[in-house]
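Peer 1: Read off the chains here:
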Amino acid sequence: MKFLNDIADLDPKLIDQLLMLAQRLQKHPEPDALKGKILALLFLSPSLRTMTSFQSGMARLGGNSFMVSPDMAIHNLELEDGAVMDGNKAEHIREALPVIASYADILGVRAFAKQESLADDLDDKFFNKIYKLIDKPLINMESAIQHPCQSLADWKTLDELTIPKKEGKFILSWAYHPKALPLAVPASTLKMATKRGMDVTLLCPEEYILPDAIMRAAKDLANQNGGKLSISHDQKSCMNGADIIYAKSWVSPIYYGRNSEEGEIRAKYKNWCVNDDWFDTNSTCKFMHCLPVRRNVVVSDSVIDSERSIVLKQANNRLWAQMAVLYHMLLGV
Amino acid sequence: MKFLNDIADLDPKLIDQLLMLAQRLQKHPEPDALKGKILALLFLSPSLRTMTSFQSGMARLGGNSFMVSPDMAIHNLELEDGAVMDGNKAEHIREALPVIASYADILGVRAFAKQESLADDLDDKFFNKIYKLIDKPLINMESAIQHPCQSLADWKTLDELTIPKKEGKFILSWAYHPKALPLAVPASTLKMATKRGMDVTLLCPEEYILPDAIMRAAKDLANQNGGKLSISHDQKSCMNGADIIYAKSWVSPIYYGRNSEEGEIRAKYKNWCVNDDWFDTNSTCKFMHCLPVRRNVVVSDSVIDSERSIVLKQANNRLWAQMAVLYHMLLGV
Amino acid sequence: MKFLNDIADLDPKLIDQLLMLAQRLQKHPEPDALKGKILALLFLSPSLRTMTSFQSGMARLGGNSFMVSPDMAIHNLELEDGAVMDGNKAEHIREALPVIASYADILGVRAFAKQESLADDLDDKFFNKIYKLIDKPLINMESAIQHPCQSLADWKTLDELTIPKKEGKFILSWAYHPKALPLAVPASTLKMATKRGMDVTLLCPEEYILPDAIMRAAKDLANQNGGKLSISHDQKSCMNGADIIYAKSWVSPIYYGRNSEEGEIRAKYKNWCVNDDWFDTNSTCKFMHCLPVRRNVVVSDSVIDSERSIVLKQANNRLWAQMAVLYHMLLGV
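Protein chains in written order, with our numbering: chain A, 4 to 336; chain B, 4 to 336; chain C, 4 to 336.
Bound conformation, chain A alone (with noise of 0.2 Å):
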């Protein structure tokens, strides 16, 4: 594999096969399988839990990193092309990145969407156009619009609480949230879960349904996979009988880039933090979420401080996936 990228693309066999591995490296670790590789870590956009579990990851197989972050002692970077550079940015994209790669065996880039064009996004325009520069293995460590990593580490989540496949009931669930976030994690989440021939629920206000072409990806997916995909706007009828509410705050495609509009709307809904309200007394529903996550706002500090919640689980499951991701791409075993 040259490039981990849409979880939609993964084999499904490959994704058995790199689950598999993650968590034979969990039980028998091999600290030399890896000996001698470099792993770059390009972060132009925050990061604790990746940051730290890629280092952590990659030293475990006695490989080693290095990190850049424009938030570091280096240079600003020009991410447009065609650019006349008098301005206090003091390097090109197209330089800084084929030099990193180039001291690697295999690279890690962030980059958040810009949240501009909902096109451009939905394209994952700038990765795309990264991806050309380099010629080593690339991971996707979130872009505008894919989290293959998140995705990977909760589909194992779901396989070690033997969360069923077929007859899984799965609710992604929006919440609010101060800010407009990205797409990426409630995009590669939907796909995941279908993918996983689980019956998904997107459970969200009208204005937050995701875009068509996720939806409609996910609902191929589904079809695919033996599952189902549908839409509620009730929490509490949704809520019913589910196994996991995956819950996530994300910007309303419909008033995409236009942020103070989509602050109103999203003003109204303030009352989408999940609490014990939404869940039935005998409930036996997990709550998932990828972090950081704002407490008594997206969550309240009841539920995700109850046994319902597994999110430290999927936080740690990204350790493992990722060690299988990086052996994979390495050895190609």
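Worth double-checking, as some hints may not be accurate.
No distinction is drawn between identical chains; accordingly, a pair holds when it is met within one copy or between any pair of copies.
Unchecked claim - Cross-link-like lysine-lysine pairs, in silico, DSSO-like; alpha carbons within 30 Å at most: (1) K169 <-> K135; (2) K38 <-> K316; (3) K169 <-> K316; (4) K316 <-> K5; (5) K182 <-> K92; (6) K117 <-> K168; (7) K117 <-> K92.
For the record, the hints were derived by calculation from the structure and aren't laboratory data.
With chain A fixed as given, assemble chains B and C onto it according to the hints.
Peer 2: Here is chains B and C on its own, set in the frame of chain A:
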């Protein structure tokens, strides 16, 4: 050992064992000892020695480390329980810390005193709270009131200079500094020297006597280990026959949390800068400081650049002492 | 070798040996060569290539590194001797540097020119001072007037392209840039090319001829190694038959330290941007630059995106050249 915290609580036999191990690792490198092991370093306060010596020490033993600091490109951390996170803080320490810990085999955390409530800081309220969030071995890399790594390094330094335990005369002297500094280093140092059984004098202006809880703990350690503890406000008489003067600035406990008042008191003592006049003509007294130190404010160039000064040896011993701690905590030997 | 500093001072046999070693390590990895060894990287000035290539190189050889930068969460460093440190600088380089060095086996330091006094910067006053503070091998990662790592990488690049030593025509050309840049790269490059025995031309506006001390040193190197050195202010005639144009911007030595005056002079030469017009129709002349480069200011997109450009090869050779330096300095072979 699951938690390296208060130097007072360490079994004297364990201290001997750790310092012998430190010496052994200094002489006989073991570059495979911690192969595949990961140290997570969380800095909620600034660092130079701690950050670099832990990274170096872990690597010298064949392990690896990753570092997280709020000054890096990570989300602001919310530290207060029950917060409604609708402001600029995107992640709670209750998620961030366990996640980081789950990627590592051992964790080091630094969080300086908030200097709002003396009682809270003496109780190490924040540090004891975060300790409960994780299930991995934890190293206190300086909290509100503890700095055990510094104390182990200092103890090793005293041993190497063959400063006698029983009759060695140890002066912990307050010094002027433009800022109100925390109590962690003076508290740990006083406990270290009394626990080592030395003849210890706390030398300071009357407003700068350490809090009762610290003085009592140090007195107990002196009693248990055949040492002495006294207080002096007079530099000249006190320095007579001293083997060590350990300089450090700290906030007045009387004016704790009241910064402008405390600043007025402190300003009276600008002449508390350790210089040549403090030493008798033939004195062989050594000068110690934990660093960073403000030259010509806390200590004169003439003293710190003289042969009296053993501050670089102290700093270097951080490396070996911490390697012993990592080795012991991870391998149990 | 205890100090990698001036390319002019390196024994030509050692250069050959280092470049052969670089090639060997590129072809035949030695992931255990520097096991347990630690490289400290101190950046007092920004970096991208240097920071990442040293980290990667050390790790590829089985060693490890740690990085210190004032932009990280460390105390501000005081650099002036005799300072009364009652301002915002909490630690002196006289402590910080020896401490960092004591945690490492080898040290790399970067500190750009202050551009206040030409004499001080030509003497590399700051760098020669800090050299005396440590007793570990030291690598100059770019000082006021030296950049030996870049020159070794450039030499390797010229060798690989089989650019002839004796008759190869090498143009070092000044280029426009919105800021007054240091002299380290042009000084090192001129010495590298003359030391390699090439037919070297310094191409620049009259105000931008390098300082006498640099010109004399380069002339001596040309004489000793069968090369030539001349000066030209005319792009067209000068480029005739050139094998290499190495572009770089730098401050006018005449107006050194007088930024607004220098800026007015520099503004006259905005047309010194290397573009297609500079090259004869059939010219095979290659384009070099140390990076970072400002596109469409220093060089046009059309040139840097063409086959002429070997800037990525240069940057990649930083890795291998520096690995050879580390290997040689730490293992003595």
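Peer 1: My question is about K169 and K316: at a cut-off of 30 Å on alpha-carbon distance, are they close within one copy, between copies, both, or neither?
Peer 2: within (22 Å within a copy, 52 Å between copies)
Peer 1: Using 30 Å as the alpha carbon limit, work out where K316 and K5 are close: within a copy, between copies, both or neither.
Peer 2: Answer is both: 28 Å inside a copy and 22 Å across each meet the 30 Å cutoff.
Peer 1: Please work out whether the CA atoms of K182 and K92 approach to 30 Å or closer within one copy, between two copies, in both situations, or in neither?
Peer 2: both (27 Å within a copy, 12 Å between copies)
Peer 1: Taking 30 Å as the upper bound on the Cα-Cα distance, should K169 and K135 be classified as within, between, both, or neither?
Peer 2: Neither, since 38 Å and 38 Å both go past 30 Å.
Peer 1: Treating 30 Å as the Cα threshold, decide for K38 and K316: within, between, both or neither.
Peer 2: Classified as both: same-chain Cα gap 28 Å, cross-chain 25 Å, threshold 30 Å.
Peer 1: Treating 30 Å as the Cα threshold, decide for K117 and K168: within, between, both or neither.
Peer 2: neither (34 Å within a copy, 49 Å between copies)
Peer 1: Reference check for the pair K117 and K92, CA-CA at most 30 Å: within, between, both, or neither?
Peer 2: both (18 Å within a copy, 21 Å between copies)
In summary, the numbered hints that this structure violates are 1 and 6.
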